[in-house]
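Undergrad: Using the hints, position chain B against chain A.
Listed below are the residues making up each chain.
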Amino acid sequence: MEKAHKPKKVFVQGPISPDFVAKSIASHQSKTGIGAHAIFLGQIRADQKEGGAVTGIDYTAYEEMAEQAFHDIREAAFARFELTCMHIYHSLGLVPTGEISLFVFVSSPHRRAAFEASEFIVEEIKANVPIFGKELVGEGHVWKQNT
Amino acid sequence: MRVIGLNEYQVRMSFQVKYFGMLAEIAGLSDEVWNAAGGLTVGQFRAQMLDKYPAMRDKKFKIAVNQKISEDFVLIETPAEIALLPPFAGG
Chain A
1 MEKAHKPKKV
11 FVQGPISPDF
21 VAKSIASHQS
31 KTGIGAHAIF
41 LGQIRADQKE
51 GGAVTGIDYT
61 AYEEMAEQAF
71 HDIREAAFAR
81 FELTCMHIYH
91 SLGLVPTGEI
101 SLFVFVSSPH
111 RRAAFEASEF
121 IVEEIKANVP
131 IFGKELVGEG
141 HVWKQNT
Chain B
1 MRVIGLNEYQ
11 VRMSFQVKYF
21 GMLAEIAGLS
31 DEVWNAAGGL
41 TVGQFRAQML
51 DKYPAMRDKK
61 FKIAVNQKIS
71 EDFVLIETPA
81 EIALLPPFAG
91 G
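Chains A and B are the protein sequences, given in the same order. When you line the first sequence up against the numbering used here, it's residues 1 to 147, in that order. When you line the second sequence up against the numbering used here, it's residues 1 to 91, in that order.
These aren't lab readings, by the way, just hints derived from the structure by calculation. Among the clues, some could well be false.
As the list claims (entries may be wrong) - The calculated label-pair distances, taken between Cβ atoms and stated as ranges, are:
1) B/V74 with A/R111: 42 to 50 Å
2) B/D58 with A/K49: 15 to 23 Å
3) A/S24 with B/D58: 52 to 60 Å
Each residue gets a CB set at the ideal place from its N, CA and C atoms; glycine is no exception.
Chain A with its partners taken away, still in its complex shape (with noise of 0.2 Å):
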């Protein structure tokens, strides 16, 4: 049978801190089997739109699909990959350009696992989870599209 891993909150309200990722790292001091931690910082740009640059991103999601969708990525990236942990977050609400909004986390006893599970997570998550980006232009707005 399959390791289950429980559903894990995802969802995170404003930016992600530095802090947050810092602590996260030394949580992991305990855990002795890891050799190689990779971690995707997303950051939000200050793209050149017509009226102006980018201030923020104001996202929302379809919370409980893409919650299900964060967890089938999860099942997915320990099935695929030797990974000791895993840990994904990304932002809703309001985040403002140059502060980060994912944040993915996963750790392995050598570096190719770690690399190779990072790119995949951040992939499926980009092209598989309902979430909507409304980025913030002067007075105005227009609706982030991934490619």
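TA: Structure of chain B alone, referenced to chain A:
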């Protein structure tokens, strides 16, 4: 005696519809109850939706039935939660 088919019987159905992102903006609300004749497919629902909100015609979106992205041929069975999902923007 003749058996009355479902479509002759005027069965009505209703279900919850949720709108997200730019589609919620167009609809001017984030959810509503949809009333329709029974035996509705996702494709027929999509057509009714575009009649009600013509501004959605040039928008790309997917339709999820009970949190699963569904093809147009799928029959909507109540109770159902339908969601209109514009392009994803996570990350």
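Undergrad: Determine for every hint whether it applies to the structure shown.
TA: Right, here's what the structure says about each hint:
1. B/V74 with A/R111: 42 to 50 Å: Between B/V74 and A/R111, where Cβ atoms are some 44 Å apart, the hint holds.
2. B/D58 with A/K49: 15 to 23 Å: holds, 19 Å
3. A/S24 with B/D58: 52 to 60 Å: Between A/S24 and B/D58, where Cβ atoms are some 43 Å apart, the hint is violated.
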